[in-house]
Amino acid sequence: MPSKYVIHTKPVPHRFEPITKSGVIAWEEGCLKCAVCVKNQCVYGVYDHRHMDDRQMVDSIDNQCMNCFRCVQNCPRELIHKSINPDFMVMGDSHWTPDTIARLWYQSQTGKIPVSGAGYPGPFSGPGFDSMWTDMSEIVRPTRDGIHGREYISTTVDLGRTPKNLVFTGEGEMNEDIPPLVHIPIPMMMRLPRFGAVNDQTIKGWVMAARHLDTLLVLPQEICSQYPLEVQRHLVPSIGTGFKKMAPNKMTRMVELIWDKDWDKNIEVARYSYPSAIVAMRFPLSQGVEEDIPTALDAGCPVIHLEGRMDGTTLDQPSQYIKDGIRRVHQALVERGIRDEITLVASGGLAMAEHVAKSIICGADAVILDFPILIALECRMCRRCEKGLSCPVEIDQADSKWVARRTINLMGAWHNQLLEVMGAMGIREARRLRGEVGRAMFFEDLEKDLFGTLIKVKEGYELE
Amino acid sequence: MNKADIKPNGMAAEMSNGQNPILAIFYCQNIPGGDEGSRQELESHYGESIRLFPIPCGGRLEPLHLLKALETFADAAFVIACPEGACRYFEGNRRAKKRVERTQAIIESIGLEKERLGILLGSREKPKTLSRWVKELSEQTSRLGVSKGRRL
Chain R
0 MPSKYVIHTK PVPHRFEPIT KSGVIAWEEG CLKCAVCVKN QCVYGVYDHR HMDDRQMVDS
60 IDNQCMNCFR CVQNCPRELI HKSINPDFMV MGDSHWTPDT IARLWYQSQT GKIPVSGAGY
120 PGPFSGPGFD SMWTDMSEIV RPTRDGIHGR EYISTTVDLG RTPKNLVFTG EGEMNEDIPP
180 LVHIPIPMMM RLPRFGAVND QTIKGWVMAA RHLDTLLVLP QEICSQYPLE VQRHLVPSIG
240 TGFKKMAPNK MTRMVELIWD KDWDKNIEVA RYSYPSAIVA MRFPLSQGVE EDIPTALDAG
300 CPVIHLEGRM DGTTLDQPSQ YIKDGIRRVH QALVERGIRD EITLVASGGL AMAEHVAKSI
360 ICGADAVILD FPILIALECR MCRRCEKGLS CPVEIDQADS KWVARRTINL MGAWHNQLLE
420 VMGAMGIREA RRLRGEVGRA MFFEDLEKDL FGTLIKVKEG YELE
Chain G
0 MNKADIKPNG MAAEMSNGQN PILAIFYCQN IPGGDEGSRQ ELESHYGESI RLFPIPCGGR
60 LEPLHLLKAL ETFADAAFVI ACPEGACRYF EGNRRAKKRV ERTQAIIESI GLEKERLGIL
120 LGSREKPKTL SRWVKELSEQ TSRLGVSKGR RL
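Heads up: the sequence lines are chains R and G, in that order.
So in numbering that gives the first Met the number 0, spot 361 of the first sequence is number 360, and the numbers just go up one at a time.
So in numbering that gives the first Met the number 0, spot 56 of the second sequence is number 55, and the numbers just go up one at a time.
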């Protein structure tokens, strides 16, 4: 058995005061000057260490308050209130919600799984991945010994083509070469987000994180070529139109092409420039994509990257979510009998650790993360950078080591959550989780089973 | 936000040398046009010459906010709060008014003009949007010039 893959994390502080959901409104006027003020009785000492961050005008009491409401309830003149913070509520959008962003910050800061500790009040279903419930029938097993206990849960996945069958010569020798595979110890790769105040130092940090985690980072080819050979095996050059042949690079393990009108020209150039690399093809996740995938496979692209929108929907149908798209493509490939020859990689709108496990259950082999690694750097998804405004948390000023450590923390927390989910299902191999829809329940299927026949009238019958 | 409220006035271009007045505006989130989109539009228009800080209520503001702003980056600091009697927390705007007056006395005692601080309460009859307030304030502070406090 290989040695256990563990991502060691350690707390990495924020550079800016994080925006909290609520703020304290503590009025002084009318204070009775009690002998023992409720502020002095704060069990967390919030009022004792009060200071102000002058860059953002954030009062430390807002960040340190643990919402016990003791001071609010006990002040005899009711001078202390809690209020929702307007800055918090405007973060992100309907998909990248303020709560999602805050949880990603927590994970990047601590490297730990966020636990509310107060039960889950619901809702129990929602759009996209929220309509999936994963199996927890074996939940007793990981809790008995912990996710890093005696049982070994492997999260390694293989990228590349596996042959349908092996062919031997009369002497018992293999008659054909086994196609190359890339093994990554976590089913999570990274790529540059579409926007963000990112500079060379930020990308360098992500490269360091990819190397530390032994995973892959997809970068535009011109950026990849700036890095030394020893890190090339952790980079995936993304090649677009206009790419010209270059001196062969044998260190690169995977290269990505884009499914456009020039894909067949680019594939030749890519093969020459990266002779030992597996070729991945990036498809927009839209209706009918499964029809084009066999063409790409025949042309020698065993890795298919299905790219959804950043809000978790498919590219052409805003009402369809990437989970539906992945399921549809996976099922179509199974029916064609070519699923095992292809590696499916999904991206777009993956915002929580559970989305990784759920994508794999729907049929992806691995996922590519983009915005979570940006939010790990305190991004507020305000999209000011897109409008040419300054980044409120100066991501472009961040040191590459800090970037790497925050990213590692996030990936560590997500890896642990994947182990938790797999442990609860009784699955010990991420490769076996792929397409395992029997380990999940889909709200829309349940609803159809339970209520699908109601109000429907069989043909030929008439309502009285 | 009404686009007419933020006609170009060249302020953004002026703000590159750090010697032009910088305005800190703390505004109650409940005032008209106090949403994030308007804030970004105003920041994009005025550049570094204004810093906008939304607050849940005018009463959230303490003298420390204003003094810290004047000490670190601003030449003038203003609070925009709801009209009298329209505060969601009943008396947040009244408290903010008293605090600003107290802080004005403090800065006067150290030799700064008290006009560098102020509070603006909206009117129920003629409500003004955030962008309108900002336009008026930016014209007002351009006359005040750079604060001695910031030069220290």
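Treat the hints with care, as some may be off.
As the list claims (entries may be wrong) - Taking beta-carbon pairs under 7 angstroms as the criterion, some of the chain G residues facing chain R (in silico): (1) 35; (2) 42; (3) 43; (4) 67; (5) 71; (6) 84; (7) 85; (8) 89; (9) 108; (10) 111; (11) 125; (12) 142.
Stated by the list, open to error - For each label pair, taking beta carbons as the anchor points, the in silico distance ranges come out as: (13) R:54 <-> G:147: 43 to 51 angstroms; (14) R:15 <-> G:34: 20 to 28 angstroms; (15) R:31 <-> G:89: 32 to 40 angstroms; (16) R:293 <-> G:34: 43 to 51 angstroms; (17) G:144 <-> R:69: 46 to 54 angstroms; (18) G:43 <-> R:30: 52 to 60 angstroms; (19) G:85 <-> R:39: 30 to 38 angstroms; (20) R:221 <-> G:87: 51 to 59 angstroms; (21) G:126 <-> R:286: 44 to 52 angstroms; (22) R:123 <-> G:122: 23 to 31 angstroms; (23) G:87 <-> R:75: 55 to 63 angstroms; (24) G:147 <-> R:221: 28 to 36 angstroms; (25) R:34 <-> G:43: 47 to 55 angstroms; (26) R:93 <-> G:147: 28 to 36 angstroms.
It should be emphasised that the hints constitute simulated quantities derived from the structure, not laboratory data.
Cβ coordinates follow ideal geometry from the N, Cα and C atoms, glycine included.
How the hints compare with the structure:
Among the interface hints, the one on residue 35 of chain G holds; its C-beta lies about 4 angstroms from the nearest C-beta in chain R, closer than the 7 angstroms criterion. The beta carbon of residue 42 of chain G is positioned within 7 angstroms of a beta carbon in chain R (closest approach about 6 angstroms), and the interface hint is therefore held. Interface hint at residue 43 of chain G: satisfied, since its Cβ lies 6 angstroms from the closest Cβ of chain R, which is below the 7 angstroms cut-off. With 7 angstroms as the threshold, the beta carbon of residue 67 of chain G comes within range of chain R, its nearest partner Cβ sitting at about 5 angstroms, so the hint holds.
The criterion of a C-beta within 7 angstroms of any C-beta in chain R is met by residue 71 of chain G, whose closest approach is roughly 4 angstroms, and the hint holds. With its C-beta approaching chain R no nearer than about 17 angstroms, residue 84 of chain G sits outside the 7 angstroms limit, and its interface hint is violated. Interface hint status for residue 85 of chain G: violated, as the beta-carbon distance to the closest one in chain R is roughly 16 angstroms, over 7 angstroms. About 11 angstroms separates the beta-carbon of residue 89 of chain G from the nearest beta-carbon of chain R, more than 7 angstroms, and the hint is not met.
For residue 108 of chain G, the suggested interface contact is broken, since its CB lies about 19 angstroms from the closest CB of chain R, more than 7 angstroms. A least Cβ separation of about 17 angstroms between residue 111 of chain G and chain R goes past the 7 angstroms threshold, and the interface hint is therefore violated. The interface hint given for residue 125 of chain G is violated, since its Cβ lies 24 angstroms from the closest Cβ of chain R, which is over the 7 angstroms cut-off. With 7 angstroms as the threshold, the beta carbon of residue 142 of chain G stays out of range of chain R, its nearest partner Cβ sitting at about 25 angstroms, so the hint is violated.
The hint said 43 to 51 angstroms for the Cβ distance between residue 54 of chain R and residue 147 of chain G, and at roughly 22 angstroms that hint is violated. Range check, residue 15 of chain R to residue 34 of chain G: Cβ separation about 22 angstroms, and the 20 to 28 angstroms hint holds. The supplied range of 32 to 40 angstroms is broken by residue 31 of chain R and residue 89 of chain G, whose beta-carbon atoms lie about 19 angstroms from each other. Checking the proposed 43 to 51 angstroms range against residue 293 of chain R and residue 34 of chain G shows it holds: the Cβ atoms sit about 49 angstroms from each other.
For residue 144 of chain G and residue 69 of chain R, the hinted distance range of 46 to 54 angstroms is satisfied, since their beta carbons lie about 47 angstroms from each other. The hinted window of 52 to 60 angstroms between residue 43 of chain G and residue 30 of chain R is violated, with their beta carbons roughly 41 angstroms apart. Separation of residue 85 of chain G from residue 39 of chain R is about 34 angstroms and conforms to the stated range, judged on CB atoms against 30 to 38 angstroms. Judged by the Cβ atoms, the range 51 to 59 angstroms given for residue 221 of chain R and residue 87 of chain G holds: they are separated by roughly 53 angstroms.
As the Cβ distance of residue 126 of chain G to residue 286 of chain R is approximately 48 angstroms, the hint placing it in 44 to 52 angstroms holds. Taken as a hint, the range 23 to 31 angstroms is violated for the pair residue 123 of chain R and residue 122 of chain G, whose Cβ atoms sit roughly 47 angstroms apart. Checked against the hint of 55 to 63 angstroms, the pair residue 87 of chain G and residue 75 of chain R fails, with Cβ atoms roughly 23 angstroms apart. For the hinted restraint 28 to 36 angstroms between residue 147 of chain G and residue 221 of chain R, the CB-CB distance of approximately 50 angstroms leaves it violated.
The given range of 47 to 55 angstroms is respected by residue 34 of chain R and residue 43 of chain G, whose C-beta atoms sit roughly 52 angstroms from each other. About 47 angstroms separates the C-beta atoms of residue 93 of chain R and residue 147 of chain G, a value inconsistent with the hinted range of 28 to 36 angstroms.
In this structure, the earlier hints numbered 6, 7, 8, 9, 10, 11, 12, 13, 15, 18, 22, 23, 24 and 26 are contradicted, and the remaining ones agree with it.
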